[in-house]
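J.: Chains V and A supply the protein sequences, listed in that same order.
Taking my numbering, the leading residue of the first sequence gets 41, the next gets one more, and so forth.
Taking my numbering, the leading residue of the second sequence gets 17, the next gets one more, and so forth.
It is worth saying that the hints were derived from the structure and are not from the lab.
If you're wondering where the values come from, they're calculated on a predicted model, not measured in any experiment.
Don't be surprised by glycine CBs; every beta carbon is placed ideally from N, CA and C.
Treat the hints with caution; some may be incorrect.
[Unchecked claim] Chain A stretches covered by chain V per the calculated footprint, using a threshold of three residues with CB under 8 Å from any CB of chain V: (1) 66-75; (2) 80-93; (3) 117-127.
[To be verified] With a straight-line Cα cutoff of 20 Å, these simulated DMTMM-like cross-link-like pairs (lysine to aspartate or glutamate) come out: (4) V:Lys176 x A:Asp82; (5) A:Lys24 x A:Glu35; (6) V:Lys176 x A:Glu84; (7) V:Lys45 x V:Glu147; (8) A:Lys114 x A:Asp103; (9) V:Lys176 x V:Glu221.
[To be verified] Beta-carbon label-pair distances, calculated as ranges: (10) A:Gln81 x V:Ser82: 28 to 36 Å; (11) V:Asp67 x A:Ala39: 57 to 65 Å; (12) A:Asp107 x V:His195: 17 to 25 Å; (13) A:His44 x V:Leu226: 43 to 51 Å; (14) V:Val159 x A:Asn54: 41 to 49 Å; (15) V:Tyr66 x A:Glu19: 49 to 57 Å; (16) V:Phe100 x A:Pro28: 13 to 21 Å; (17) A:Thr177 x V:Ala58: 49 to 57 Å.
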Amino acid sequence: MVMGKVLGLLILILAYFAWFVFGPWYDHLSLQGIVFTTLVVSSLIRHGWSGTLRSLWIIFPFVLTLIFFGIIFDWFQLMGRSDWLNDSLVKAVVFPNSFLVTKLCLESISFRDLIALPVSQKTRRSMIILKAVMGKCTPLLFRFRFFMSLSPHFHNQRWPQFWRLCAVVMALYISIYRQAEQTRDLYDHRQTFLREKP
Amino acid sequence: MFELPAAKYPAPRSGLNYELPVAIQLPHSSCVFLQGDNGAGKTSFLEEVLVPKIHKAYDLLYLAQDIEIQQTTMIATLALLNQPVPDFLPDLITAWIKAATRCQVLILDEIDKYFKKDLDQAMTLSRFSLVLTVSHINLQAPYRSMQHGYALRFQRNHVRTVTLSLEHLW
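With the rest of the complex left out, here is chain V (with noise of 0.2 Å):
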């Protein structure tokens, strides 16, 4: 049962990627805008308006970079193509489909189907730390950004915003690799003195 649900949500991203992203549906722009409502409508179900919000907020600003430059190219006509435009914006709703397609297919696995996974030990601890360290370490981003937001610190470098995105960048990994240290070692603990009920 726990397969075929792993399975099955493996198999609904591979899908998705072989149809929406390298597949013949990539460039149809009101397939693609469908499929974008039904990831909004679900993640809103699962994660309420807050969270669909927190969710479009990673994304927005590489959202905005691609439609940037895809101006920036149509007006200068580069390499002679004038569809930049076009091919900006699909990638604009690709890119945050796959996002929500990825995450939401890989939040639905809980710990409780990676216990039931018929995979090694060693296999099924590295998956169980690395979800909890996303579960974690994800909302820091928020909280990084808003600190950073509030840092006087870069205000004599060249390109401060860049510098403060640096640091929030640098604080996630710094984050991550402590957390899941952690994880790590309260995991081993646990096996360590498990015992089993008299």
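Position chain A relative to chain V; hints supplied.
T.: Below, chain A alone, put in the same frame as chain V:
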């Protein structure tokens, strides 16, 4: 130096409404103690009302209640500025504050518990024009280097409404 008009201030994230019946006017070299029971809404007021307003006009250093999370950004900041990164949290905070060369406002949310009497020595409070602090250990002595002291009291009258009142201490 800083003024907050008498008004109702909504804090959408926490769902609270803050009522300030009398306007607040703080002169240069002021220290404000935010006082109230646990859950009165002090941190929410700081983050959703005061910090955004102050940040529009001044450079500020904000030390949050979740300093264990914030310290990661401090480590990243000092590393990117090519400055030494201390291991010990109070030393990290001190180094981070010193690395901000121009700053007018310091905001501390339950940070003085890490320093207690050494707070002024660690942070050189007199270099700031305004210091705001949330504290439960009721220690005023380290802040006496500031010329004016105030207490901003939080009174939760209703589930969603908090009334604020300012008292002049010194």
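J.: So, for every hint listed, does it hold in this structure?
T.: Comparing the hints with the structure gives:
no.	hint	verdict
1	66-75	holds (count 3)
2	80-93	holds (count 9)
3	117-127	holds (count 3)
4	V:Lys176 x A:Asp82	holds, 14 Å
5	A:Lys24 x A:Glu35	holds, 5 Å
6	V:Lys176 x A:Glu84	holds, 14 Å
7	V:Lys45 x V:Glu147	holds, 12 Å
8	A:Lys114 x A:Asp103	holds, 16 Å
9	V:Lys176 x V:Glu221	holds, 13 Å
10	A:Gln81 x V:Ser82: 28 to 36 Å	holds, 34 Å
11	V:Asp67 x A:Ala39: 57 to 65 Å	holds, 58 Å
12	A:Asp107 x V:His195: 17 to 25 Å	holds, 23 Å
13	A:His44 x V:Leu226: 43 to 51 Å	holds, 49 Å
14	V:Val159 x A:Asn54: 41 to 49 Å	holds, 45 Å
15	V:Tyr66 x A:Glu19: 49 to 57 Å	holds, 56 Å
16	V:Phe100 x A:Pro28: 13 to 21 Å	holds, 20 Å
17	A:Thr177 x V:Ala58: 49 to 57 Å	holds, 55 Å
Every hint, counting from the list given before, is met by this structure.
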